[in-house]
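Assemble the whole structure, with the sequences as input and the hints as a guide.
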Amino acid sequence: MAARTLSLYTFLLTLVLALGACKKDDFANETVNELNKLADDIVAKVKEGDDRAASIDAAQKMLDEKRPDLQTKMGEIMELRGFQVSEETAANVNKVRTEAGMKVATLQLDLIAETAGNEELNKKLEKLTDDFTNLVDGK
0 MAARTLSLYT FLLTLVLALG ACKKDDFANE TVNELNKLAD DIVAKVKEGD DRAASIDAAQ
60 KMLDEKRPDL QTKMGEIMEL RGFQVSEETA ANVNKVRTEA GMKVATLQLD LIAETAGNEE
120 LNKKLEKLTD DFTNLVDGK
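Using numbering that gives the first Met the number 0, the letters of the sequence shown correspond one by one to residues 0 to 138.
Careful: at least some of the hints might be erroneous.
[Unchecked claim] Derived lysine to aspartate or glutamate pairs resembling EDC-like cross-links, with alpha carbons at most 16 Å apart:
hint	residue 1	residue 2
1	Lys102	Asp40
2	Lys102	Asp129
3	Lys36	Glu64
[What the hints assert, rightly or not] Simulated restraints, written as ranges between beta carbons of each label pair:
hint	residue 1	residue 2	range
4	Leu108	Asp25	32 to 40 Å
5	Gly137	Asp40	18 to 26 Å
6	Gly116	Ala90	40 to 48 Å
7	Asp49	Glu75	36 to 44 Å
8	Asp25	Ala57	30 to 38 Å
9	Gln70	Asp25	15 to 23 Å
10	Lys60	Gln107	14 to 22 Å
11	Gly48	Gly74	29 to 37 Å
12	Asp25	Glu118	38 to 46 Å
To be clear, the hints were calculated from the coordinates, so they are not data collected in a lab. In this text, a Cβ means the ideal position worked out from N, Cα and C, and glycines have one as well.
Structure (structure tokens):
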């Protein structure tokens with residue numbers, strides 16, 4: 000009888016842990032999708048309009064507005080351990096973090112001709128990319 004009770008408790012504990020991992024999977028996937036959308040929005044904002052400095056300022060403002068919430072979430076994701084999320088989710092988180100970071104970092108290459116002779120524009124773009132990179136890293 001004791002063995003049967005122990006097996007039941009083991010099963011219930013396993014079930015609770017599995018359900019908890021599913022919740023972490025959903026949280027992690029939703030957060031990196033939000034991060035990826037922000038990266039797309041930043042790139043689109045910087046590339047739109049004729050006034051590049053104003054476009055970068057608008058993108059920085061967008062990042063600054065979303066950063067507090069996303070920073071907290073990314074910090075939580077960076078602290079997740081292997082048993083808290085599935086392998087598939089962990090791989091997706093790493094993939095999306097890398098892709099989102101590259102999207103924003105590529106802006107520096109795309110705008111190199113414009114920023115080469117304009118120190119102020121270059122500083123704004125560097126701040127934007129550095130801030131986003133820190134966000135991706137959960138800082």
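Contradicted hints - numbers only: none
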